[in-house]
Amino acid sequence: MSEEIQNKGGKWQQIRERLSNTYRLVVMHDETFEEVGSTRLSLLNIYVILASILVVMAISVWLLIAFTPLKQYMPGYGDVMQDKEIRDLSRQVEDMEKQLATQRAYSENFRRILVGDVVTEDDVPKVDPEMMESVPTGSGDESGDGISLSEEEMELRNELILEEVGIKAQEPRTTNMSPKDTPLERLFFSPPVSGEISAGFMPDKEHFGVDVLAPKNTAIKAVMDGYVFLSDWTLETGNTIGIQHSSNLITFYKHNSVLLKKVGSMVKAGEAVAIIGNTGTMSNGPHLHFELWYKGKPIDPTEYIDF
1 MSEEIQNKGG KWQQIRERLS NTYRLVVMHD ETFEEVGSTR LSLLNIYVIL
51 ASILVVMAIS VWLLIAFTPL KQYMPGYGDV MQDKEIRDLS RQVEDMEKQL
101 ATQRAYSENF RRILVGDVVT EDDVPKVDPE MMESVPTGSG DESGDGISLS
151 EEEMELRNEL ILEEVGIKAQ EPRTTNMSPK DTPLERLFFS PPVSGEISAG
201 FMPDKEHFGV DVLAPKNTAI KAVMDGYVFL SDWTLETGNT IGIQHSSNLI
251 TFYKHNSVLL KKVGSMVKAG EAVAIIGNTG TMSNGPHLHF ELWYKGKPID
301 PTEYIDF
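Under the working numbering, the letters of the sequence shown match residues 1 to 307, in that order.
Calculated from the structure, these hints are not laboratory results. Possibly wrong hints are sitting among the right ones.
To be verified - Restraint-style ranges between C-beta atoms, simulated for each label pair:
(1) 306 <-> 95: 42 to 48 Å
(2) 234 <-> 94: 25 to 31 Å
(3) 302 <-> 96: 41 to 47 Å
Yeah, the Cβ is synthetic: ideal placement off N, Cα and C, and Gly gets one too.
Using the sequences provided together with the hints, build the complete structure.
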């Protein structure tokens, strides 16, 4: 065992001696044998110099590839960058398609309003009371789902249907999507909000609407059916909604705290479109500034709407 240890120790000793042995590298003239230069070297020095040269070359190649356009020619790098660009472009295209679809819907709605192609009450199918006579009432009849109904259930269903028909017949004709030539006096306006009027219609002072006071967080409602063509914030009027109605009518709802509808949205009379607020430089307290425009001119809303 001791002999093996001595042999191993002897081998390492020989290796260290070989690495530490010095040699002289002499450069001589080939013909005159004149010594041009010389240097002392060892195997350890040679290994260190070669390793340093390799490390410097590796770092130089990495820097050259990482910080120059040469990296585009590296296998796999170009594919990763192209995939990222393709994904970004795809997302942009999807966003543009959504915006285009919204714009098309808005344009189509606006076109229908301009040409008077709007839904009126006359277009809604009416329930014929005579059809109710054909409703079966026997216990052996079956519903549309193929389930047998008892006589009591059939009677209850008939009563509900007749009651609904009676309610529909008694409802006033208060449709808002009237033909474009309907006079203002024949139109029905739902109040946008109920409250006290703090400032009236004063066109001579460029106050083209009325200011209505209402409690905080009160919902602002559309006065007629229509399409939202403006839903944005301005410096003077804050959060503002504009709705295009039939009969050449436009309404504006200004100084809101929150807007509930986007451009292109269809709204019904009495549907909430905003929340009352105090936004804009022209507002000095929570209120609604409401404007009613007819054929391009402002009119006094209090003549047609009971606030």
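Hint by hint, which ones does the structure fall short of?
-> Result: no hint breaks.
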